Amino acid sequence: MPARHLRIVEKTGRATIAGIAEIGYGAFLLGESLFWLVMGKSRRQPVRFGAVVAEAMEFGVRAIPIVAILSGTVGAMLAIQGIHTLKTFGAESRVTFGVALSVVREFAPLITGIVVAGRSGSALAARLGTMRINQEIDALHVMGIDPVRFLVAPALLAMLAVLPLLTLLADFVALTGAGMYICMDLGMDFPAYWERVIESLKVDDLGHGLGKSVIFAVLVTLVGVVNGSLVQGGAEGVGKATTRSVVHAISAIVVTDMLFAFVLTR
Amino acid sequence: MSATPNRTPNKVIEVKDLVTHYGTRQILKGISLDIYEGEIMVIMGGSGSGKSTLLNHLLGLLKPSSGTVSILGQDINKLSAVEMTKLRTRMGVAFQGGALFSSMTVGENILLPLREHTELDHSTMAIMARLKMEVVKLADFENLMPSELSGGMIKRAALARAIVMDPRLLFCDEPSAGLDPVVSAAIDELIITLRDAMGMTIVVVTHELESAFRIADRICVLDRGDILMVDTVEAVRSTSNERIQNLLNRRLEEATLDPDDYMRRLTIGI
Ligand SMILES: Nc1ncnc2c1ncn2[C@@H]1O[C@H](COP(=O)(O)OP(=O)(O)O)[C@@H](O)[C@H]1O
Numbered sequence: 001m002p003a004r005h006l007r008i009v010e011k012t013g014r015a016t017i018a019g020i021a022e023i024g025y026g027a028f029l030l031g032e033s034l035f036w037l038v039m040g041k042s043r044r045q046p047v048r049f050g051a052v053v054a055e056a057m058e059f060g061v062r063a064i065p066i067v068a069i070l071s072g073t074v075g076a077m078l079a080i081q082g083i084h085t086l087k088t089f090g091a092e093s094r095v096t097f098g099v100a101l102s103v104v105r106e107f108a109p110l111i112t113g114i115v116v117a118g119r120s121g122s123a124l125a126a127r128l129g130t131m132r133i134n135q136e137i138d139a140l141h142v143m144g145i146d147p148v149r150f151l152v153a154p155a156l157l158a159m160l161a162v163l164p165l166l167t168l169l170a171d172f173v174a175l176t177g178a179g180m181y182i183c184m185d186l187g188m189d190f191p192a193y194w195e196r197v198i199e200s201l202k203v204d205d206l207g208h209g210l211g212k213s214v215i216f217a218v219l220v221t222l223v224g225v226v227n228g229s230l231v232q233g234g235a236e237g238v239g240k241a242t243t244r245s246v247v248h249a250i251s252a253i254v255v256t257d258m259l260f261a262f263v264l265t266r
Numbered sequence: 001m002s003a004t005p006n007r008t009p010n011k012v013i014e015v016k017d018l019v020t021h022y023g024t025r026q027i028l029k030g031i032s033l034d035i036y037e038g039e040i041m042v043i044m045g046g047s048g049s050g051k052s053t054l055l056n057h058l059l060g061l062l063k064p065s066s067g068t069v070s071i072l073g074q075d076i077n078k079l080s081a082v083e084m085t086k087l088r089t090r091m092g093v094a095f096q097g098g099a100l101f102s103s104m105t106v107g108e109n110i111l112l113p114l115r116e117h118t119e120l121d122h123s124t125m126a127i128m129a130r131l132k133m134e135v136v137k138l139a140d141f142e143n144l145m146p147s148e149l150s151g152g153m154i155k156r157a158a159l160a161r162a163i164v165m166d167p168r169l170l171f172c173d174e175p176s177a178g179l180d181p182v183v184s185a186a187i188d189e190l191i192i193t194l195r196d197a198m199g200m201t202i203v204v205v206t207h208e209l210e211s212a213f214r215i216a217d218r219i220c221v222l223d224r225g226d227i228l229m230v231d232t233v234e235a236v237r238s239t240s241n242e243r244i245q246n247l248l249n250r251r252l253e254e255a256t257l258d259p260d261d262y263m264r265r266l267t268i269g270i
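Chains A and B supply the protein sequences, listed in that same order.
Counting in my numbering, the first sequence runs from 1 upward without gaps.
Counting in my numbering, the second sequence runs from 1 upward without gaps.
No lab work stands behind these hints, which were simulated from the structure alone.
As the structure is a computational prediction, the values presented were derived from the model and not from experiment.
Be careful, since some hints might not be right.
[Claimed, not checked] Away from chain B, derived, C-beta distances all over 10 Å, residues of chain A:
id	residue
1	T85
2	V218
3	A261
[Claimed, not checked] Chain A side only, calculated, beta carbon under 7 Å to chain B, not exhaustive:
id	residue
4	N134
5	Q135
6	D138
7	V142
8	M143
9	G144
10	V203
11	G207
12	D257
C-beta atoms are modelled at their ideal positions from N, C-alpha and C, and glycine is treated no differently.
Please model the entire structure based on the sequences and the hints provided.
Take a look at the structure:
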């Protein structure tokens, strides 16, 4: 049935074009945001510091409990699993080294990115989608207030500031969680554990994790904003865009993380 | 309330041969319309006739396929971003649902254009905003959130925000939609007051006949993307044009059934 096959080809083609268009739109928004961050003052339309702080509170401070709980738990889990696995080789004393590297290079940025995508990427999509449907975006346009400057740039800046800080927090809490189990199980004392953690880590490892968190910040913000601003079809559309934005942001984060790991371990 | 015959014909808005498409479907089919200083022009038509599309073009929210839209003597699709921003400070818009920012109080909403476009100190701005709240009879409500307002109050707040910069031009999208007759009459009254007291040129988009007849100096009747007639209230009322009479007699839906649209709906996705 050639017609059917053509239909599939056509659908795939359309989806691909739409996907590329969205990525292009995201890149455009990133460029515009940077433009306003740099040029806003001279155009007498600065990006408001107050708006950035408000976003940072929402994205960052309110995310602290959940990031702490999850990273502490994952840290302990890594320690438990690590000791269990290494025991087979009689190498359980090496667990600290493994845990320290995996937390700082992989798990802390990944957990933080995923939590923030779930909390704030979706919230951004919902907020912008609702604003679009209520013509609030149009209202900004006709008032001569650029929506990218007013809504997107502050969110992006806040996310860029907050995600690396949350990642640092996740590093610390996850390593503490792991340390508590390791000290208990292997009878090590806590200061000695931290000493070994610091010995195992290079500045590079920390930079690797934080660098990724910066990229995740851009991804989460843009995915949320793009999905929000393309909302169609009322409240139901907002719901769909919200879900879509979480799925897209988490996928983007995981794929980027894998690419990062691949490239940087060559 | 009728047209002033001896006004100086000072064009504030000039639309020339405006054609517009959504996708491949033509919506506005070459519209020309002049709007003069100090008049209240009502754009009227059944649903789907292209009123919102025309309004969005006047506001510079849509780009035409061909034709021009000039506001205060400037072709808005040829302006730079900076020039457009400047022009926009001279236009105010009250959207159908108010489009108030839900995260800000009513007062902050009304202050926003001043805060973004002027260097005034805060107390001056606050006084200017309160003046406008008095004009729309919304004093004492500045600390409420938009979600705490009734439908009529939202429209008033939206009007206050639209006029806070003392614009030369005011646009109102469906100012009486969804309001009961008494509240709707009060909003109409307010629109007339704004024109009389502040000399604004006002463009109102509506599908409500009573409201249109009450406030209009001239009415532009839009149907299936074409202008059927632009004339005074009396002339529109007494026209012999059958389609307009149908519209006035509310045989609206049937009259505006668009065959293209109908086919599209039947065949969509098949
Ligand atoms: N975003 C859009 N995409 C496609 N078609 C649209 C869109 N908006 C409006 N239309 C179509 O354009 C026509 C005119 O719509 P509109 O200007 O909203 O009319 P009105 O405001 O008079 O109800 C309608 O047939 C409508 O289906």
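Hint check results:
1. T85: Since the minimum Cβ distance to chain B is about 50 Å, A:T85 lies beyond 10 Å and the statement holds.
2. V218: holds (24 Å)
3. A261: holds (39 Å)
4. N134: This interface hint holds because 6 Å falls under the 7 Å limit.
5. Q135: A:Q135 check passes; min Cβ-Cβ to chain B is 4 Å, inside 7 Å.
6. D138: Hint on A:D138: holds, closest Cβ of chain B at ~6 Å, below 7 Å.
7. V142: This hint holds: A:V142 lies near chain B, its Cβ roughly 5 Å from the closest one there, short of 7 Å.
8. M143: holds (5 Å)
9. G144: Holds: closest Cβ of chain B sits about 4 Å from A:G144, inside 7 Å.
10. V203: The hint is violated - A:V203 has no Cβ within 7 Å of chain B, the shortest such distance being about 41 Å.
11. G207: Constraint on A:G207 not satisfied, violated at 37 Å.
12. D257: violated (33 Å)
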